[in-house]
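Given chain E, put chains D, L and S in place with the hints provided.
Listed below are the residues making up each chain.
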Amino acid sequence: MLRAFGLGAILFIFWLLLSGHYTPMLIGFGLGSCGLIVYLAMRMDVVDHEGVPLQLGGRFWMYFPWLMKEIFIANVNVARVILNPRLPISPVVTHFKASQKSDLGKTIYANSITLTPGTITTNIQGQDLEIHALTLKDIDGREEDEMDHRVSWVESGSRGNS
Amino acid sequence: MIDLILEVLSWISIIGGIFFMMVGTIGIVRMPDVYTRLHAAGMTDTMGAGLLLLGMCFQAGLTLVLVRLVLIYAFLLFTSPISTHALASAALSGGVEPYTVPADRSGKLNSLNGEQNS
Amino acid sequence: MDDRVILRVGAKILIPFILLFALYVQFHGDYGPGGGFQAGVIFAAGFVLYALIYGLGNVKKVLPPRAVYVCSALGVLLYAGVGYVTMALGGNFLDYGVLAHDPEHGQHYGILLVELGVLITVFGVMVAVFYAFAGRRRVDT
Amino acid sequence: MFVAATVGVLASMSLAMTRALMGPTVYDRVLAVNTFGTKTVLLIAVLGFLTERPEFLDLAIVYALINFIGTIAVLKFFEYRDLGWTRHPEADAE
Chain E
150 MLRAFGLGAI
160 LFIFWLLLSG
170 HYTPMLIGFG
180 LGSCGLIVYL
190 AMRMDVVDHE
200 GVPLQLGGRF
210 WMYFPWLMKE
220 IFIANVNVAR
230 VILNPRLPIS
240 PVVTHFKASQ
250 KSDLGKTIYA
260 NSITLTPGTI
270 TTNIQGQDLE
280 IHALTLKDID
290 GREEDEMDHR
300 VSWVESGSRG
310 NS
Chain D
250 MIDLILEVLS
260 WISIIGGIFF
270 MMVGTIGIVR
280 MPDVYTRLHA
290 AGMTDTMGAG
300 LLLLGMCFQA
310 GLTLVLVRLV
320 LIYAFLLFTS
330 PISTHALASA
340 ALSGGVEPYT
350 VPADRSGKLN
360 SLNGEQNS
Chain L
31 MDDRVILRVG
41 AKILIPFILL
51 FALYVQFHGD
61 YGPGGGFQAG
71 VIFAAGFVLY
81 ALIYGLGNVK
91 KVLPPRAVYV
101 CSALGVLLYA
111 GVGYVTMALG
121 GNFLDYGVLA
131 HDPEHGQHYG
141 ILLVELGVLI
151 TVFGVMVAVF
161 YAFAGRRRVD
171 T
Chain S
7 MFVAATVGVL
17 ASMSLAMTRA
27 LMGPTVYDRV
37 LAVNTFGTKT
47 VLLIAVLGFL
57 TERPEFLDLA
67 IVYALINFIG
77 TIAVLKFFEY
87 RDLGWTRHPE
97 ADAE
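First to last, the sequence lines map onto chains E, D, L and S.
Take any residue in the first sequence, count from 1 to its spot, add 149: that is its number in this note's numbering.
Take any residue in the second sequence, count from 1 to its spot, add 249: that is its number in this note's numbering.
Take any residue in the third sequence, count from 1 to its spot, add 30: that is its number in this note's numbering.
Take any residue in the fourth sequence, count from 1 to its spot, add 6: that is its number in this note's numbering.
Bound-form chain E, shown alone (with noise of 0.2 Å):
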């Protein structure tokens, strides 16, 4: 019921930030349209844990300036291998282990390896994800493991330990 509450707020919050007309009745029929929506997202079921992850906090915004700096790393890396003309590739597909508990903890790491060009999640199962790298080098760990805490950090609260 909180998180139903919540959607219907952020989802306010979206309309007004799209809205740029403040008459009453468009604030009305904004209300309105919030409301439908929130009905209709409880009959798909998409208002839970997974759909509205409110207990996420302003953990996953400290995370996400860190991400833009990995990703514009990893961009400046893949563009300088574009750019050679060689092309130095050497495409492997790998596995990397998970340490995230839930799904969503699970999709923001793969989603977030997938950002970073260089490394693709094809697949998850379980724990094991199935990541596909441009060249060994973008696979030697190091970001990866950080990244994992980090997520982890982000989906509980405390570092994981894998």
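Computed Cβ-Cβ distance ranges for the label pairs, DEER-style:
1) S:L56 / E:L185: 31 to 39 Å
2) E:V225 / D:G310: 23 to 31 Å
3) D:V278 / E:V242: 22 to 30 Å
4) E:G155 / D:W260: 36 to 44 Å
5) E:M211 / L:Y61: 32 to 40 Å
6) S:P30 / D:M250: 51 to 59 Å
7) E:L232 / S:A10: 16 to 24 Å
8) E:V242 / D:I275: 23 to 31 Å
9) S:P30 / E:L232: 22 to 30 Å
10) S:L56 / E:D197: 39 to 47 Å
11) D:A323 / S:Y86: 24 to 32 Å
Computed footprint of chain S on chain L; a stretch qualifies when at least three of its residues, placed anywhere within it, have a C-beta under 8 Å from a C-beta of chain S:
12) 48 to 56
13) 77 to 89
14) 152 to 165
Calculated directly from the structure, the hints in this document are not laboratory data.
Beta carbons: idealized from backbone N, C-alpha and C, even for Gly.
Below, chains D, L and S without anything else, positioned relative to chain E:
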């Protein structure tokens, strides 16, 4: 003065965005198979779009236009890994074999990667 | 595809925002590009995404086919109904000015109701088309 | 400045188009079309600034949305040959 700085920053961002976007697209054309092309495509989604939209943010100033630009980027950041993952796993289950470096070249390449590491 | 963790979690977070964006497009037709038709398509797109990830059986539980057919008819009825009400009040078909004492307000309400009709019909027809396509038995080629 | 950005985006769109035409597998084409769609989103945004009509940004959001759902739909179709497939067929019983 502030206007000038914002103008210069926006120029730099937009040029950087177009650079990364072009490099990513060149990668899509150059790479040998679909999985390696996905790495290049990810570049255009994260850095290319990000810097280009950041440049437009500097032009927009603190208005609702800025909010929309941020929303577009948030949406791209959210959906790009999902569709990349869907594409990669669909290609795997569709039976597309990942490209591996031919044996006579791999020794040289491994040493090259070793050089970059050090 | 609901066994795919990433797709399932991603769709769960995304769908409410897609639906809200559709209604934003609907109600801000006066101020920017938008209106009933586009809003109907985006609203239906939210349900199509749900159907793609969770399967046709689940989306039919949320939105039974009967409700979809009712929607596609109801929108047209609303549209035509506004037209006939304006005629009954002494104007032309869809002459919104007669809907309220102040013609400007009347136009406002009239357009809102007509656009709502367009939204409901377009949404209903889009989802019905999707149900018809996705409900076909699997073709093995 | 936005003219230069438009030209840059258009140039990279045409490069992505060559990959869509070359293939060779269907997944390469889907990938190229997906990238093409992302660039279209940016093109719409840049054109909005060029013509000083920021309402275009709403269209860009819509395009990004349709691009994502379209990619997922095409992939699901090629993987299962059936848009309404689920792992749990008993849910299909009406």
